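Engineer: Residue-level listing of the chains:
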Amino acid sequence: MWSIALKTLVADRGKLLTALVGVVFSIVLVNVQGGFFIGLIRKASLLVEHGQADIWVGHKKMHNVDFPRDIPQRWVYRIRTVPGVKRAEPYLIGFSDMTLPSGGFEGVVVVGVDRASLLGNAWNLTQGSPDAIFQSDGIIIDDCEGEKLEFPKVGDRREIGGRRANIVAMSHGIMGFLVAPYVFTTYERAASYLHKNPDVCSYFLVQLEPGADADRVCAAIRQRVPELDAFPREQFGWISINFWMTRTGLGISFGAATLMGILVGMVIVAQTLYAMVLDRLGEFGTLKAIGATERQVCSILLIQALAMALVGSIIGLVSVSGIVYFYSTPRAPILVPGWLSLGSCVLVLAICLIASLLPYLRIRKVDPLTVLQS
Amino acid sequence: MIINSQPYEMSSKPIAVNIEGICKSYRCGNTVTPVLEGVDLVAQREECVFLTGPSGSGKTTLLSILGCILSADRGRAQILGEDIFALDEEARTTLRRERLGFVFQRFHLIRGLTSLDNVCVPLALRGTSPLKAHDRGMALLDTVGLADKAKMHPRNLSAGECQRVALARALSGDPDLLLADEPTASLDATNGQEVMQLLRRLTTQEGRTAIIVTHDQRIFHFADKRFYLENGRIAEAPESRSTALPESEQ
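Taken in sequence, the protein lines are chains A and B.
The first sequence lines up with residues 1 to 374 when you count with this note's numbering.
The second sequence lines up with residues 1 to 250 when you count with this note's numbering.
In isolation and in its complexed conformation, chain A is listed as follows (with noise of 0.2 Å):
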């Protein structure tokens, strides 16, 4: 059957190729559109997963890493005699503006990382080492924000929160949620960047010994210190994403635009099919005359259905390492995980196998006499 199957398929190419389309936009679709979903989401997040941090501790019920509360830093204390901390250390985030050379300004997450631990620092420097914040008023920021910044380099001085900033490292790719840079710099600078006292600070990072378990050390520090929340890195990673899906609607967005996407990709895939087994009624006729089961007529449909997604996989794949390759950027990157892939030809295989019903209905009712009668 698989014989029979293929080889139809691939003598009317022209249909063929129709309906590779279909399947081809569909993967494509969902790819592209999921890896630009995925890729813009995780950046809400960015700050948590670099910021080799196990335990996030914040105000109570905190939900977005880039709007914090002020907490005491006192506190830090008591945490640290939390069993199973390793190290806690305050970080410090907050909104300022940054002066431009045109004599303009522009808003700017400042970050302030502890000078001992650098937990929570700029990462992937193309310029300078993290440790240049020590410099006097030294910050870092991202060469991926030059056009904002009109276009800053390493020994350039700016002022932010009326206060002198150097620029003594450089980053590529740390490109936040939200559209202010951020600008990596001491706490102890940031809080004055910040106009805040340094006895507060918007997070503990907390790390954990060898071995300690995460939630049951949040546990605990909820306990100790109650004004408080705690939650492992990816817990507090997926609160900050849920926190843009859920108040803004970006996941319905992009989801519907899939959904089209996908709506679209199987009536090409139905329809083709469809035309193809209206153009070969008379042979599935013919089949049945000569002995073919139900099964084995409808085993010709879902091998060709089964083709069809295969190869329209592979293509639409291929397709979309290309289209990452090529126009996936820090300020717009398409991240496309392998359970995306993955999931995406599963869907399209079942898209294939649906699209092949509406055929089989109309080949269950073609009756073997007409090849006699014809």
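In short, the hints are calculated from the structure, not lab data.
The model shown is predicted, which means the values in this text are computed figures rather than measured ones.
Hints should not be assumed to be uniformly reliable.
Claimed, not checked - Lysine to aspartate or glutamate pairs mimicking EDC-like chemistry, simulated, CA-CA at most 20 Å apart: (1) LYS149(B) to ASP135(B); (2) LYS365(A) to GLU90(B); (3) LYS151(B) to GLU161(B); (4) LYS7(A) to ASP88(B); (5) LYS365(A) to ASP216(B); (6) LYS149(B) to GLU161(B); (7) LYS196(A) to ASP137(A); (8) LYS60(A) to ASP199(A); (9) LYS151(B) to ASP12(A); (10) LYS132(B) to ASP148(B); (11) LYS196(A) to GLU294(A); (12) LYS365(A) to ASP135(B); (13) LYS153(A) to ASP131(A); (14) LYS148(A) to GLU159(A); (15) LYS61(A) to ASP279(A).
Claimed, not checked - What follows is a set of in silico ranges between Cβ atoms, one per label pair, in the way DEER data are often shown: (16) ASP188(B) to SER3(A): 32 to 42 Å; (17) SER129(B) to VAL10(A): 16 to 26 Å; (18) THR190(B) to ILE315(A): 44 to 54 Å; (19) ARG247(A) to GLU90(B): 57 to 67 Å.
To be verified - If you only want the chain B side, here are some residues facing chain A, beta carbon under 8 Å, derived: (20) VAL42; (21) ALA91; (22) THR93; (23) ARG96; (24) HIS108; (25) ILE110; (26) ARG111; (27) VAL121; (28) LEU123; (29) LEU125; (30) SER129.
A virtual CB, placed ideally from N, CA and C, is assigned to each residue, including glycine.
Starting from the known structure of chain A, arrange chain B on it as the hints suggest.
Structural biologist: What follows is chain B alone, placed relative to chain A:
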């Protein structure tokens, strides 16, 4: 009415097809049109039986009933020892696949397949291994003189060649009963004679039975027995010409 020289009761060969009192009507709305009204027919092994008659006389309907594609309203039908009206749909499909071979007026070859692939279709339906099917298909194409066109698609073959491929396909499953519907209707005289010579040689001489529906008087001499069907009944043929097999074909 049997329009041939040898009464079948005299033969000792086993009976392949035996139908009695077959009636069939088609219903269209409230109108019932009788097509077959009590047809009896017997065909023995190795016989080549022709069903002739004018258009609309019920030949194709009778062939469809013999091929287990259509059910009769009344009557009895024993095909290759099976009471086909007692069989369920699956068993009838199995009987078609395993023991019957079909040749159609318009060949009904599958366009996307080569000659060889078309011949191998019944074998694929039976689950024969591709290698065995290939060997059997090539042998049959060789028999019908088309071994050199095994890789060609039907669109590149002449009508006569297509019908020979269709004949090879019908025989690939080694059927006991071959049913052919106007096998020469789409062919010119020369091709028609060639196909019939092949059909005759590859069926009755190999122990099969053939039942052939035809209008084509040019091939009547290939028949062992000929039944003339008119108004749904076996009737006397209008022509008086001899239909006995020529010496060379016996």
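Engineer: In ascending order, which of the hints set out earlier in this document are inconsistent with the structure?
Structural biologist: Violated: hints 4, 5, 11, 12, 15, 20, 21, 28, 30.
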